[in-house]
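**Q** Based on the hints, put chains Y and U in the right spot on chain X.
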Amino acid sequence: MSALELSAVRKTFAGTAALEHLDLSLGDGELVCLLGPSGCGKTTALRIVAGFEVPDTGSVLLGGADITRKPANKRNMGMVFQAYSLFPNLTAEENVAFGLRLRKQSGEQRRKRVAEMLDLVGLSPQAKRYAQQMSGGQQQRVALARALAIQPEVLLLDEPLSALDAKVRVNLRDEIRRIQLETGTTTLFVTHDQEEALAVSDRVGVMSNGRLEQIGNPTAVYQDPSSSFVARFVGTVNELPGTVRSDGRSVEVGGTAIPAKGVEHFGPGDAVQVLVRPEGLLVEHGNGNGNEGLAGTVVTAAFQGSTIRVKVRLDSTDTLVDADAAADSIIQPNPGDRVTVKIVAQRAFVESAKEPASV
Amino acid sequence: MAPQSHDQVAAVTSVNSIATGATADSMARQHPQPKSNLGRKRPQFGLWSVVVVCALYFLFPLWAIAKFTLDLPLEGWTFKAYTKAVQEPELHTTLWLSLRITGGTVALSLALMIWTVLWTTLKVKRMQPVVEFISILPYMVPPIAFVVGIAGVFRPAFPSFIANPYSLIFFYTVLAMPFTYRSLDAGLRAIDVKTLTEASRGLGAGWMTTIMRVVVPNLRSALLGATFLTVAVVLGEYTIASLLLINTFPIFLATYNSKEIFAGPALGLMSMLAVAVLFALLGLFTRKRGGANATAAIA
Amino acid sequence: MGSESGRQLSSAVLATPAETPVSAGARRHISWAWIGLVPFFAFVTVFLLWPTLAVFWKAAHDNAGNFTLSTYGKIATSPQFRQSFWNSTLLSFSSAVIGGVIGLLLTYAIVSIRRPKWLRSAVMSFSAVAANMGGVALVFLFVASIGVTGLLTTFLLGHGIHLYDKQFIYSGSYHVLTVIYLYFQIPLMVIVMLPAIDGLKPAWREAAANLGSSGMQYWRRVGLPVLWPAFLGGIVLLFANSFAAYATAYVLTGGQSNLASIQIGFFLQGNTIADSQQIGYAIAAWMIIVVLIAILLYQWLRSRTTRWLQ
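Protein chains in written order, with my numbering: chain X, 1 to 359; chain Y, 360 to 658; chain U, 659 to 968.
None of the hints are false.
So the derived list for chain U, only partly shown, Cβ under 8 Å to chain Y, looks like this:
| id | residue |
| --- | --- |
| 1 | G792 |
| 2 | G793 |
| 3 | A905 |
Hint data in this document are derived by calculation from the structure and do not stem from the laboratory. Note that the Cβ used here is the ideal one computed from N, Cα and C, for glycine as well.
The shape of chain X in the complex, shown without the other chains:
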């Protein structure tokens, strides 16, 4: 029995479906991320779990019990909102104590728990401050402490880092993960930032247009995208037009044969798009001979620290591809250089050429 389960959940607003059909289950202590662009339904799903929306059909089960129609204030879930959720008239301490007061905990018990929580998020010195006196990052930490103080069955995070500065975001997300692991709270995390999702989750669910496209651990979602939407949304991806070869097992791109995953779903002669990530491309100097790679000219080479992002214009298809070259390789590509781009066999993924880009 899972800790939290959404079953066949559907929700429409004014005729448009925010959620078409959602099946999702979270194991005890798991951190699952719902990742997707705005409008994909991830926030709606979260709000349904929280109890702020009621689904048209389907059910929400908490530890096996149906809570679909249970009012929000009876669900015992902790939620951290995107911003501005701290009560402005209460200090950090009083905010954290809010839920405990409602549960009629004794003063002593309450104080102890509040101190514990503020300590957990590293904000004990700020206990007596008000929200306006704290930075965004600090406010979110207090919000987290407040949500966890009540020992919720599920922790819900609604894009908690989106309103923060980049540096704070990275630090805080690691903090959140650490705290989540420490407390072992089942957590549902909603975000549109794929880097964030990959960094903190046990599993990532990529959503689009009210549906869950793929759910799996971060590696699987990144390396094994089940659809082109997922491939495009998570990480960067190159797209090359090609045709399925007569042997039905490889794709011809610009005169070169390339093995790719998913070819078996297409027939010989079909027009397809080959998707491959920058790290799936190798850049070598010299003009390629047709069977080994694609010839092209370097347009730009940007140093990124551990890799060099090379933009190559391919002769055959006149498209630009991004490839990552090792920064410490002896041969450094320069703009204007003639190179050969090779595709690593297992890294290319094929989709129908007619499929519209949905990212």
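**A** Here is chains Y and U on its own, set in the frame of chain X:
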């Protein structure tokens, strides 16, 4: 119609609150917060009863005055009261006087405040708090007390000035100061006047040209807002005009009302409608420009 | 306005230009730039400060020109004037509190009610007009409604209720005036409260629910405490508004109502046996003081409001 200090107060707070409201409104549209309903229908019955009771209270007198002036006792439904009122000669003289005073007030108000606000924004930024404080002083002086002071100093010193109806222009400009300042200040902030004037001067324009060709055209909305509010207040001001014995339109309205049972209120209703139309026009003009401009306009 | 002018208000009050330390070069630069502000300062001095200060000055000097503060005291002690100030206070207080509460409820209603969508802007537009409507207009409206031949009066008469044993609407009765004043007080409150209620973030309501609170608990612990300064400020503003009002009461009752503002009018019209005009000035001076305190209080409360709601 007679504005009192309450109009002043109302005008400024309308301006303040509509400004912040409009800002909050446009912000809410840019970052829409999910409308919370906490998963169940909130009981709206209590709220609706408040709205209905208030609607009755506010709309009934309007209906009463309409019926009173349109359904005459001996003649049934007719516009006679209205046609009678419109033909009253004193109406035309006082209305025309009031309009001229209004024009003068708007002109003086805008000229003085545009210059002053520009100067403080661009040249003497540190004086801004002082000027802002002074601009809301009229707020704190009730017109009835104000006119006592006016009579007290001007009657002995410049009796002919005070007897002249156009002296009202100066005092009405004082009354209008809080919202004229506010409106123009917000308008200038919205267009980042410092950058604009620097760009204009950098391209070689003199100060006059810069003001007339760059600043003023971009302030159209704020100017409109300030103008409309000034007009509404001046056309309704009773207290000062009455006690300085100047026969403006609102004064006439009051005396006419006591003389003519039906034509009086009819005229009153017409002038109320005129103000409503004025506000509607203001809303129309400012909404068209949308977004930040609308905020600046009403602000 | 709000926190910005609240802060600026206090800083303007606390710091005079002379106290601002500047370098010699900057001082020269600033004193030249001041020239541009001369028209404004001159205008304000002649047409606002001079008359206003004159009120206080003349109230402190008798006919012979001697300085005396006794007139200020006389107003406070004389039963006639005490009564008028008391009446004004009572009227202002009741119209402010009643108008404030109804205004708050109405504002909350238009913010919460989603359908019909035009409700909110309709109420806002109407409020803008009603709050700025002049005193004479109100007289028209209410005479037509509850005047001797008013619509409601005749309606009630048909049901045996006589509103006119005692001249009702013209009597200057404060109950009647309160009801009439509400016509501009309620809209003013709506205009003032709307940004405050709008400023209540839905996230607070949801966070509270999430933590287990019911609607009532949320209001008690978060909603009302946060709204309190704005609400109080609104009431104070309404009080000042009503206290300073003149035209409606005057036109309606012809001076029969004993309000502070009406008393001042009498003096100016020379309707009283003035042993000195000084008394008139003193009443005016006291009125300015009352309204001044109220407005400053309002500004302060407003700055506290925006602290939490913006």
